Amino acid sequence: MVLAGRIGRWLLFTALAVYMLLPVLAVALYAFATRWTAHVLPDGYTWEYWRAALDDQRLFAVVARTLGLAAAVTVLDVLLVVPAVYWQWVRNPRIRVLLELAAAIPFVLPFVVIAFGLLTLSGQIVPFLQGTVWLLGLGHAAIAFPFLYWAVDGAMAAANVPRLNEAAQTCGAAPLDILWRVVVPNIGPGIATGGMLVFATSFGEFALVQILVGNRFETISLYSLDLLSGTNANFGKLAVITCFTFVIVFAISAAAVHWNRGQATRLLHGGQPIEGRG
Amino acid sequence: MGGVSVRNVTKTFGAVYALDDISLDIAPGELLALLGSSGCGKTTLLRSVAGLEHPDQGQILIAGEDVTQAPTRTRPIGMVFQSYALFPNMTVRQNIAFPLAVRKQPAEQIAARVDELLALVHLTEQAERYPNQISGGQQQRAALARALAPAPQVLLLDEPLSALDALVRTQLRDEIRRVQQAVRITTLYVTHDQAEALAIADRVAVMKQGKIEQLARPSEIYESPSTPFSAAFVGNRNALELPVRGGRIRLGQVFDVAPTGMTSARALVFFRPEDVELLPNGRGQPARIEGKTFQGALTRLHLVVEADGQTARLYADVPSRSAGTLDTGSSVRIHVDPASVRAFPADV
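Residue numbers (the numbering used here), protein chains in the order written: chain A, 1 to 278; chain B, 1 to 348.
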């Protein structure tokens with residue numbers, strides 16, 4: 001029975017892994033294919049698309065721009081969301097309703113609608129931001145913040161932040177001290193998970209980039225579109241870029257998961273003692 | 001060390017009075033226990049002194065200074081929470097150092113103070129461990145050291161032992177008392193455990209529904225409860241409601257008392273199980289043993305007494321060594337010294 005159970009688990013795991021990895025492998029193979037027509041595997045293999053991609057200065061600029069935007073959006077969301085959720089937990093639980101409503105909006109409205117809404121609103125209030133990367137950054141921060149909000153909210157609940165806050169207050173700590181030295185270190189896994197999702201959302205987002213800035217701030221998604229369309233169509237190179245994107249996002253996810261694992265053991269109540277440590 | 005004065009403090013949550021015009025003074029260096037059942041307001045009072053709750057009315061003074069409106073972080077207090085509330089991301093040493101670090105004290109000074117406190121609470125060997133790597137008792141000692149680190153005027157303990165098992169609880173209770181005496185710090189100690197309160201405190205305030213029922217030394221609370229609630233809550237007393245006839249209250253040959261000033265028709269009568277004497281045949285009131293509970297050194301007899309046309313059930317504690325011959329279903333004769341009986345009007 002034990003052996004059967006173990007085999008069943010491995011079969012399930014293998015099937016899931018194949019289901020998840022097959023499309024990625026197919027894209028990777030496509031990036032090396034000279035032609036891929038009627039067979040299971042490509043007709044021939046080449047480095048040509050990789051060489052072309054690595055020689056393409058435009059692509060490097062696009063990747064750098066996209067990474068920079070995603071990182072900035074992640075930092076902005078962390079700076080806005082963590083204090084807001086902390087405030088909600090320790091001072092004003094009534095703002096939870098507002099935050100939850102705001103967090104639902106990006107899932108209720110299509111990004112295209114949000115983008116046109118931002119365009120209209122910014123035209124009336126801050127017209128000087130129109131067409132700039134600043135408006136795009138703010139837009140991305142708005143659509144991606146729910147991921148961080150839920151992750152941080154859950155982490156604060158798990159860490160019993162209200163009690164830690166009271167304990168820190170009785171120790172004489174001021175609110176900023178508490179936030180920086182007590183709360184943030186204890187919700188690290190939540191920030192890492194939520195931050196990763198914010199980063200990935202901004203990294204791959206297309207509608208807002210296209211509508212708010214267009215080619216004035218070309219990101220990977222716009223560049224990919226360019227490779228799909230018209231006379232510039234280059235599916236091999238597009239496959240290479242898809243591989244790049246996958247590797248970048250996967251590396252960030254793996255780093256977040258790895259960091260979370262160490263943190264969770266130490267931070268969660270009831271974590272196993274680690275003998276000999278320290 | 002300064003004392004604490006609570007003056008006419010009232011705190012409501014909606015329509016409920018958590019604190020109802022409470023006043024008390026804690027002398028410098030005194031350990032005062034707030035004793036009561038859940039919801040009596042004891043924790044609200046402690047949290048009001050800490051500044052974690054804000055009274056609707058009244059004043060709180062620490063060392064003579066009015067701190068009623070002062071934020072928690074500026075009050076000269078240290079607090080130990082029921083759930084320890086150690087910072088999981090910090091080692092024991094870092095936890096104890098935290099109150100000093102936020103006060104921007106020099107590193108050498110912090111290190112020396114932390115070492116002193118680690119020694120005081122016997123945690124030197126666990127200094128570099130994280131909270132999840134030490135036992136509950138050690139966590140609570142670390143929390144105590146952290147509370148004492150900035151040398152506060154007042155130490156506040158909110159049910160500090162309730163999450164611990166019985167053996168550790170007794171050891172840690174004695175240790176808290178030892179540390180409190182060593183530091184001579186004014187201490188407010190919240191508990192629902194009467195044995196803990198009586199064992200550790202210089203004075204005990206018995207609380208009920210936001211009011212202090214009785215405030216006295218532990219022996220006085222135990223020997224001379226001033227209200228029916230104190231009598232019932234402290235000491236596991238037998239409680240009977242009996243008629244008052246001609247100013248006297250009697251239960252057959254068990255007791256016959258004439259409390260002064262008793263004008264009501266019925267009285268609540270309290271006496272402790274250990275005050276029930278078993279007498280040789282021919283004296284006292286017959287009582288049937290309905291059951292018995294072994295409690296270690298003592299055995300508790302569950303007795304049924306039929307006297308003066310009424311049936312009363314009561315407990316008697318006898319040494320376990322002599323309880324072996326007292327079988328369930330057999331009869332004994334009992335008597336209670338009238339001086340051990342406390343009586344209160346039943347219609348109050």
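Hint data in this document are derived by calculation from the structure and do not stem from the laboratory. From a predicted model like this one, the values you see are computed outputs, not experimental measurements. Watch out, some of these pointers could steer you wrong.
Unchecked claim - From chain B, some residues computed to sit far from chain A (all C-beta separations above 10 Å):
1) M79
2) L86
3) A166
4) V304
As the list claims (entries may be wrong) - From chain B, some residues computed to sit far from chain A (all C-beta separations above 10 Å):
5) G51
6) L52
7) T124
Said to hold, decoys possible - A few chain B residues that face chain A, going by a derived Cβ cut-off under 7 Å, partial list only:
8) A50
9) T72
10) F87
11) N89
12) V102
Note that the Cβ used here is the ideal one computed from N, Cα and C, for glycine as well.
Going down the list of hints, with the structure as the test:
no.	hint	verdict
1	M79	4 Å, violated
2	L86	8 Å, violated
3	A166	21 Å, holds
4	V304	48 Å, holds
5	G51	8 Å, violated
6	L52	6 Å, violated
7	T124	14 Å, holds
8	A50	6 Å, holds
9	T72	4 Å, holds
10	F87	5 Å, holds
11	N89	4 Å, holds
12	V102	4 Å, holds
Hints 1, 2, 5, 6 from the earlier list are contradicted by this structure; the remaining hints agree with it.
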